[in-house]
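Number of protein chains: 2
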Amino acid sequence: MKSIFTRIIEREIPAYIVYEDDLVIAFLDISQATKGHTLVVPKKVYENLYEMPDELASHVMKISIKLAKAIQKAFKPAGLNLLNNNGEIAGQSVFHFHMHLIPRYENDGVSMRFSNHMNDLNPEDYKNRAKEITSAL
Amino acid sequence: MKSIFTRIIEREIPAYIVYEDDLVIAFLDISQATKGHTLVVPKKVYENLYEMPDELASHVMKISIKLAKAIQKAFKPAGLNLLNNNGEIAGQSVFHFHMHLIPRYENDGVSMRFSNHMNDLNPEDYKNRAKEITSAL
Chain A
1 MKSIFTRIIE REIPAYIVYE DDLVIAFLDI SQATKGHTLV VPKKVYENLY EMPDELASHV
61 MKISIKLAKA IQKAFKPAGL NLLNNNGEIA GQSVFHFHMH LIPRYENDGV SMRFSNHMND
121 LNPEDYKNRA KEITSAL
Chain B
1 MKSIFTRIIE REIPAYIVYE DDLVIAFLDI SQATKGHTLV VPKKVYENLY EMPDELASHV
61 MKISIKLAKA IQKAFKPAGL NLLNNNGEIA GQSVFHFHMH LIPRYENDGV SMRFSNHMND
121 LNPEDYKNRA KEITSAL
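Top to bottom, those sequences are chains A and B.
This note's numbering applies: residue 1 is where the first sequence begins, and numbers increase by one.
This note's numbering applies: residue 1 is where the second sequence begins, and numbers increase by one.
Please note that the accuracy of each hint is not assured.
Claimed, not checked - Using 20 Å as the maximum straight-line C-alpha spacing, the simulated EDC-like pairs for lysine to aspartate or glutamate come out as follows: (1) A:Lys66 - B:Glu20; (2) A:Lys131 - A:Glu106; (3) B:Lys35 - A:Asp54; (4) B:Lys131 - A:Glu20; (5) B:Lys76 - A:Glu20; (6) A:Lys127 - B:Glu88; (7) B:Lys44 - B:Glu20; (8) A:Lys76 - B:Glu12; (9) A:Lys127 - A:Glu106; (10) B:Lys62 - A:Asp54; (11) A:Lys76 - B:Glu20; (12) B:Lys76 - A:Glu132; (13) B:Lys131 - A:Asp120; (14) A:Lys73 - A:Glu55; (15) B:Lys73 - A:Asp54.
These are calculated hints, taken from the structure and not from any lab test.
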């Protein structure tokens, strides 16, 4: 089944498109978590970050910067989050890779919370984790 | 004043480094919001996404994918968030561009909440927002 993004790309369903080239399309996220919330989406379907070819991911990044600057100019947000979710547990709801640009404003209703586990871990834990990653590279 | 990341790059302070090349360094985020939480940081200081040259941002993206795959292999997380915060309001605490790789697990204590404003907005609002962005491109 086609993803909702493929249907937007193929003009089967409408969207508020802000940028398009041969490789990617960008449009307003319909939820508008904040004013100007935009998605950058490759036209070819890749489910997630792991599947993305480097060149295409680089192009997504380049266009994300271009759009972040335009959003900055247009709405003067106080900040911006660039966010890519992989897996349902990480908040991914459309299984077609996409990068969120989320401009941030005072009292914008966005909340991101992370625990700090520094006091639960000892140097050996850090060393082991680092080693597990480098061994998998 | 040097950022804490520059001090890590210059080996003034230790870090659990998992990758390094001429342009970027990657190390465990000391907070370990989740197991394997890693930062990818350009060696040259750019405060935020807006200042990043396209080529360097592309390289950060490429290395982020490489590390995301290694983290996937090492820890088998159920998901992963790629996150870049720009501005204090967006959660940026070190003003030296960095990309977070946050592996996600069941009950990992990470929470991200966004409002859905679809029912507060009419087609004109969306059109105007899209037009403001495209005019600023």
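Tested hints:
Of the supplied pair hints, the one linking Lys66 of chain A and Glu20 of chain B is violated, its CA atoms being roughly 27 Å apart against a limit of 20 Å. Among the hinted pairs, Lys131 of chain A with Glu106 of chain A is inconsistent with the structure: their alpha-carbon atoms are about 40 Å apart, more than 20 Å. Between Lys35 of chain B and Asp54 of chain A, the direct Cα distance comes to roughly 25 Å. Violation of the 20 Å bound is thereby established for this hinted pair. At roughly 14 Å between alpha-carbon atoms, Lys131 of chain B and Glu20 of chain A fall within 20 Å of each other, so this suggested pair holds.
Between Lys76 of chain B and Glu20 of chain A the alpha-carbon distance is near 35 Å, which puts this suggested pair outside the 20 Å criterion. The suggested pairing of Lys127 of chain A with Glu88 of chain B is violated, with an alpha-carbon distance near 30 Å, which exceeds 20 Å. Among the hinted pairs, Lys44 of chain B with Glu20 of chain B is consistent with the structure: their alpha-carbon atoms are about 13 Å apart, no more than 20 Å. Taking the CA atoms of Lys76 of chain A and Glu12 of chain B, the gap is near 37 Å; set against the 20 Å cutoff, the hint is violated.
About 39 Å separates the Cα atoms of Lys127 of chain A and Glu106 of chain A, which puts this hinted pair outside 20 Å; it is violated. Taken as a hint, the Lys62 of chain B and Asp54 of chain A pair is honoured in the structure, with Cα atoms around 6 Å apart against an allowance of 20 Å. For a cut-off of 20 Å, the pair hint linking Lys76 of chain A to Glu20 of chain B is broken: about 35 Å separates their Cα positions. Straight-line distance between C-alpha atoms of Lys76 of chain B and Glu132 of chain A comes to about 11 Å, which keeps the hinted pair within the 20 Å bound.
Distance hint between Lys131 of chain B and Asp120 of chain A is unfulfilled; the C-alpha atoms sit about 49 Å from each other, more than 20 Å. Straight-line distance between C-alpha atoms of Lys73 of chain A and Glu55 of chain A comes to about 27 Å, which puts the hinted pair past the 20 Å bound. The suggested pairing of Lys73 of chain B with Asp54 of chain A holds, with an alpha-carbon distance near 18 Å, which does not exceed 20 Å.
In terms of the numbered hints stated before, the structure departs from hints 1, 2, 3, 5, 6, 8, 9, 11, 13, 14, listed from lowest to highest.
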